[in-house]
Every structure is written in C-alpha cells, then in structure tokens.
Amino acid sequence: MKSNKKEVLLEIHDLQIQGYSDEQWVDIIKGVDLTLHRGEVMGLIGESGAGKSTIGAAAMGYARDGTRISGGSIEFDGMELSTATEAEKRSLRGARIAYVAQSAAASFNPAHKIIDQHTEAPLHYRLQKRTEAQEDAMVLYEKLRLPNPDEIGFRYPHQVSGGQLQRAMTAMAMSCRPDLIIFDEPTTALDVTTQIEVLAAIRDIVDEYNTAAIYITHDLAVVAQMADTIKVLLKGNEVEEAPTEQMLKSPKEDYTKSLWAVRSFKREQKARPKDSVPLISVKNIDASYTGGEKVLDDVSFDVYEGMTVAVVGESGSGKSTTARCITGLLPPSKGEIQFKGEALPPDYRNRSKDQLRQAQMIYQMADTALNPKVKIHEIIGRPAQFYQGLHGGDLKSRVDELLDLIELEPAQYYNRYPPELSGGQKQRIGIARALAANPTFIICDEVTSALDQLVAEGILKLLDRLQRELNLAYMFITHDLATVRAIADEVVVMQYGKVVEQGPKEDMFTPPHHPYTDLLLSSVPEMDPNWLTTLLEERGVDNVGDAASTKIDPNDEKVQS
Amino acid sequence: MSFTVFVFGYYTVLLVASCIAAYFNKRAVFMLLFSLTLVSFILGIVGGVGALQTVAALAGLLALAGMISYGFREFLVYLAEGDVGAPLRGNNTLFLSVVGLFTVLAFASSAYGWGLTEIFVFLAVAMIILLPLSPDTAKELRTAPMTAAFGLFVIFTYLVMGVFASYIAPHGEAEVISSAFAPRGEDMLLGADQLGRDMFSRIIYGARNSVGLALVATVAAFILGASAGLLAATKGGWLDQLLGRIADVIMSIPSLIFALLMLSIFGPDISVIIVAVAIIYAPRVFRLTRSVAGNVVVMDYIEAAKLRGEGNWYLIRREILPNSTAPLIAEFGLEFCFVFLLVAGLSFLGLGIQPPTADWGSMVRENATLISFGDITPLIPAAAIALLTVSVNFVVDWMLHRSSGLKE
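Sequence lines, in order, name chains P and B. Those letters in the first sequence? Residues 1 to 561, by the numbering used here. Those letters in the second sequence? Residues 1001 to 1408, by the numbering used here.
Next comes chain P alone, as it looks inside the complex (with noise of 0.2 Å):
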C-alpha cells in the first residue's frame, strides 16, 4: 500500500447535512468527520441509506436537490467549500475534484463521441488544446488498458462495452488530474469478471499520479482492495475508522462485525434423492427472441425436489431467458420442459391452472414486483383465493398464515401497500405470492442482488428455512458467487447460452475447473486486500475478465467434456 501521504488534502468537520420530506427537514448525515490526505484512498462503506454518496457530494461542496449543508466545514486545500459561492465551487469540480458516478451508461451523453465528452473539462478551464488533450486521452486509455486506445474514443457511449465506458468515465475524471476523485461505487453495476479490469485500472493509475480518491461502495472485499482507511457508515453517523488491515482483522464495533460476518452464512449439500424423477427437467432446449439470435443453445439440467440449483453466468449469458422458458413466457425453438417426467406445454397459456401453480417466480426488482396500488392481503391473497378458492375468513386467515411464514407481524401489514414497505420487507412479500400458491418448485431471479448484505442474508436465512420447512424446490439465478456458495445444492454455469459445466456445488468449487468457472471463481474479490495484487501477478494484467473469457482455448480438455 501506499505510504507517501503528505498533507491534508479535504478535512471535513462534524458535517451535517438535512433533507427534506413530509415538510420538515430531517437529518441525514449527523455530524461525520473526515480527514483525507494527498494521494490517499478512503473507503466509505454501509448499507443504503447510510449517507455515503451524500458525504461523496459534500465533498465537493454540492449538495442534491431538495437536501442542504446544515452545518460543520468542508475545507479542500486551504479553501472553506461550505461557504464558498458557487462560481468559486464551479472552478473546481472537473478540475480538481472529479467525480465517478455508478453507471457510466446513464452518465455519459449518448449523443456525443467518448472523446469529445473527456475533452470538454481541459478545454473548458484552458489546460490544454484540443489536440493536446485528445492525445492525453489516448494516453489514459492506454493507461487504464482500453483496447486500441487510439481509436476507442472516436466511438459513442453505446458502441462500448460497460466495464469499458466505466473505465474511460475514469479517464475522463483523469483529464484535468484533479487532487481528488470522489467513486461512487463504480464497480456495482458490473460483472464480476468484468469488476477486476477496472478495479486494477483504477488502482494504478490512482497509485500512478498520486491522486486522493474517496471510494464509495457496499462491497466489503471491493473495498479492501482499494483503500488505505476504510470508515464504516451507519444512518448518518460513523461506526469507526481505521487502516484497511486492522480494520478487516480487528473490527471493534458490533455492527462492523455483523457486516463481516454475512458472509459466514453456509448450509450443508444435499444429495440429489436416489431413484426418483426430476422435479423440473430442462431437455435440450434452444430459444431466441422475435428475429434475433439464438440466446440459448442446447441447454438441459435437472431439478430435484427439495434441492437447490444455482445458475450462475455473467449478464447476457441467457440465465433469464432459460427462467422465461421454464415458465412459459418464452417458448422454446427446441427441446422441451418436463414436470415430473411429464411434458409442459411450451406457451404458459396453454398450461393449466394445476401446473402454473406448481412453479412460481420471485422477482429480482421488488418494486416492479408488486403492485404498487394493491394492498399487501390482497397481493397475497390473490394467489390462494385464485388457485384454492379461499374466501373470507379461511382467506383471512391463510394471508396470516403466510404473513407469519415470512416473520412479518399480520396485523401491522394487512392493509398496506407496497409503496411503504422497504426493500427487504417487499421482497418477503414476494416470496409470500409465490408461497401462496402451494408451490413445489420456485425460480429465484437475482431475489439479493437489489438489497443490502445484511438483509440480502435474512432473505437467504428465509428461504433456507422455507425450503425445509416445505421441501421447495429453488432454481436460484445468481452472478454472486458467495450466494452460490451459501445456498446451493447444485450449481450450472453458463456462458454465451450454453452451459458449460454443472455438478454438486463440492465439486465446482474445488479443482480442475472447466476455464470460464475459474475465471468466475477466481474474479470474486475476497476479504485480503492483497487479493488483487496476487491474482493480477498470478494471471497477469492483461488475463483478466473480458480479455481472459475470450482466450479461453477451445480444445481445452475440460470445454471438450
């Protein structure tokens, strides 16, 4: 790690900062300092709501719509940003406080070059001509390991891959070198595999000019990667600050170590039962979309009852659409799905109203997931009114029952709708729908990936005890690894449609790998923060994510089997 700080770069003092809603202004950020010095990377870490982008924003002396600056000081370099006028904060932002938002999609203008968008800032504070400044670009891009540099910025926003537009939006909060970049969780929207190019390229060329860096993210083993200090978040206040090390050996709060230990949550394999038929059989089916490409080729796995399937891949490797067949949304070209040895109809229409009972969905977004102007009993309710006929008081009281079933208290949510529940709170509602229909086999789509690490797990925890408690079965789709390793039985790996490897999860996770699932595996950051450091030396800068997943070498003896 880095070991040359000099001065104070940024101190903030007891900074407070209230937004406003149901007419009155509520704290947010109750009194937080912060000291960050030249060429230091400060980790912000805590679960949503915990006030880390507003303190990213203050940094800068800006604060968002409908929230202010109540108090305490933010000084950069000698100058008071609280009180500064906003032409004097405009003179900073780009030149020498830049920031990195989450989605370099949604960030960038869609109708401008990569390149003229980087040049804007240099040409705006006069640094550099154009010229100058497009060769610089190229400079960074080079730097930050984007393929053909020299032409990769002449091209539009949605001509570029994200992981590649995430590390040219680096390049550009490079152009004017600023002493500061504010990250606000830059890696959250990618894959994993695709995660570790820009984290590498973002460590290096942050170590190489010397930049200080705030790095706001959720994702503990992300974190230690990058920082030096790491200061944990909880409603506004700050749980502890310490150095990256000592913070991840020794945690002294409670909280903090709550946060560390999510990830010890891990539930004993289970062995497919022997002589039995296949809850759910996926036989060989290809599938594409009106006109387009085939987006599955031949992909088959079984489900057995009362098992878990995990199926794993990068976005775009057809786990979803593979969930759309079994369920009738998406027909399949080719193959077929069978229940209980017996063929579906491809087209959910044509299925009766006994085998859209068996196989239920839970959704990855909660708040697309439930409708918004139903209230939770008759969300709920539906599913056993429509399939059992309940009405009443055996209606009423089967809604407790499941309100039960999934630790809510019935007589607090009976009559509320979603909008007023939070987000792990709405994905309980949704797994009680689908557990109303009496089930025997749900398809769990991303259900974590939406949440914070410490809901994420009661969510797991729940579902674990559902499964028992109803012997249910889980096709349980997942790019998060650790959540693979927690809850499943069996994993399947996929890659560009197809499946390329399937077993007990045992198995997958110890050697030899088929090469795709070692790069999956080995792209999952861990809690040592020399983890980066060793695999890039292991594999080499240039073997990693993208990169890597192509050269994987066809004649391989592993891809053959």
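Keep in mind that the hints were calculated from the coordinates and are not lab data. Every residue gets a Cβ at the ideal spot worked out from N, C-alpha and C, and that includes glycine. Check the hints yourself; a few may be wrong.
As the list claims (entries may be wrong) - No more than 25 Å apart at the CA atoms, straight line, and that leaves these computed lysine to any residue pairs for SDA-like: (1) B/1026 to B/1066; (2) B/1139 to P/419; (3) P/373 to B/1329; (4) B/1235 to P/289.
What the hints assert, rightly or not - Okay, the calculated bits of chain B under chain P, using three or more residues with CB under 8 Å as the criterion: (5) 1288–1301; (6) 1307–1316; (7) 1319–1327.
With chain P's structure known, arrange chain B on it following the hints.
Frame of chain P, contents of chain B only:
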C-alpha cells in the same frame, strides 16, 4: 361626505389588519394586506374614490371567494371525518340498490307527475358523492389548495343549480314574460333575451342542459376510448394495430366538420350529439390510455399475474387500471372542458341543443347583438362556461398533483 367616511374607513381597516397580522407574525397575510394598502394609495391618488371603490369591491369579492372555499373545504373535511359514506362503502349491493331505487323513483315521478323527480335525482347523486368521503379522504382534503376547494364549491353549486332548476328559476324556461331585450329590474335579475324570456331563469336551466349533455358525452367518450385503449395495451398484436388505425382515421377528420356532418345527416338530436362527440373524443382517450397502460403492462407484477393464469378482465380491472387512473382523471377534466366548448360551439352554430331549450352556447349567439349596445348580457352565459371550465381544471390539477406526489 359618505365618500370621506368610506376612504377613511377603508384605510383604517387595512392598516389595522396589517398591524395585527404583523404582530402575530403572519408574514404572508401581512405582505398581502400591506401591499393592498400601498396599491390602494397609488390608485386612490390617480383614480380618485371610484377607483378605490373598485379595488375594494374586487378585494372583497376575492376574500368572499376565499372564505367560501375555506368554509366549504372544512365542511367536506368534517363530513369525511365523520365517515358519512361508511355504511354505503362497506356494502356494494346496498349501495347499488339504494342508488338504483332513487333512480327508478325519479323516473316514475317524472312519468306520473308526482313532482318529486328533482328530489330523487338529488338523493341518488348525493349517495354517489358521499361514497368517497372517508377519513382517508379527510386527510387529503385538509391539504387541498384553496383553488381546488373553490373548484369543488363551484361544481357543487352548478350541480344543485342543474338538479333543482325548476325550483330555483323564477320563470319557466321558454316563458315569454316581457318585451324583447327588456332591461334588468325587480322581476328580472339579468333582463330579458331577444324574445322577452327571463335571462336568469334560462341560465339556471342551461346548467342542467349544457352541463348534463357535456358530462354524458365525455363519459361516453371515456368508456369507449379507455376500454379500447386498455384492451389494445393488454392484448397487443393485431387488435392493437386495428384499434390504433381506426383511431388515426377518426383523428384525421377535423372534429367540428365531423360533428356538423353527423348532425346534418341524422338531424340535430341530443342522442346524435352525444354519439358524435363520443366518437370524436374517444381516439384521444384511446391514445392516452394505451400509452399509460403500455408502461404498466411491462411491469413484473403483470407478468406475475399472467403466469398465475389470470384473465384479461382481471388484469385490466385490478392490475392496470389502478395504476393508470391519475392521468385518466386529469384527461377527463381537460376533455370535459373541450367537449363543453364543442357543444357550446355547435349550439352557437345552431346545430346543437335546439330552441326553446336553454343552452349557454346558443344563448351567447342569440343575444350577441346586444354587445354593440355596450350591454354585458351575452357575456353572462359565456362567463358561466368559463367559470365551470376553470373550476373543473382547478380540481383536476389538485388530483393530479396528489397522485403524482404519491409516486415519490
């Protein structure tokens, strides 16, 4: 002498009120009163007592409207807090049978001449109005802006005026009681029209005829357009294409020309007007409903309902419609105003509601000649139309604001 008293009294009241407001830290009230004082100062110097009296009268009128709105809002809040609609809301069959009973009685009364038709119609309408008054509504009414309360009050007044027209109006709708264009006097509040009928009575009857017709036509347009739009969004495919192209064809014909065509083919009958207007305005509702519902049908909860095996009717009624009501209500307010103006326009051209039935649109035309003599009589029915459209939009704005706030 009396002018001096007025001027002194006027300034005294304003200044005392300003000071009281300032003392109690009512910033907004103080600013309003004191700026009124300053404006009155300047106008009084420039325009004399006459200008001052006009300002005082306008301010008084505004204050009166404000007080009425405030009072009406509090009245509704109390009713809602008392949960007067509860017995009806709990029981659908009871509600429908009560409203149905009153409707049947109203028809019977008009058929057999009991003279109780208005009472029964009012009771049926009152039942429907009481229905949404619950403690939940009370919470929202309490935060309603004054403009919305004013709009509600005006709509309520028009409603009472329309239903009880025959009791309120001093003379009959088509009764000739004096010479043509007789000036206003004791007997005739607003003077007489071109045939010597009482203007005031005709305005009252016009509320029933014009507003009733516009309301029925708008509701018809909405039923037609919204159901087609929801169906198109839910089913998609060729049905969507077909309905969309039909809507395009109707929209390509200029609306007034289309109405004139229909009316000259089938004759200027009320039912023809309703059908023509419904057909003209249905495509706009169709387009809006389809696009709003189109955003809803892609949500995961719709997918979940489809996978459960729900039919189209359930999807539309329980899943899509509750999520598209806000823009539809706003559109209803707007369309109502457009329909009202179209109907008035048709009457003005002589093809709408036929004489001697009173109708605001045709009343403007019939008395138009009076304008050249500097008389405001033809502007009164026009003002009645304007007041209603503005009021409806006040209410709609509030509802739209409320529902968009809920989404946050």
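Hint-by-hint comparison with the structure:
1. B/1026 to B/1066: 17 Å, holds
2. B/1139 to P/419: 18 Å, holds
3. P/373 to B/1329: 16 Å, holds
4. B/1235 to P/289: It holds: about 19 Å lies between the C-alpha atoms, which stays within 25 Å.
5. 1288–1301: holds (count 3)
6. 1307–1316: holds (count 4)
7. 1319–1327: As far as the region 1319–1327 of chain B goes, the hint holds, because 3 residues have Cβ atoms under 8 Å from chain P.
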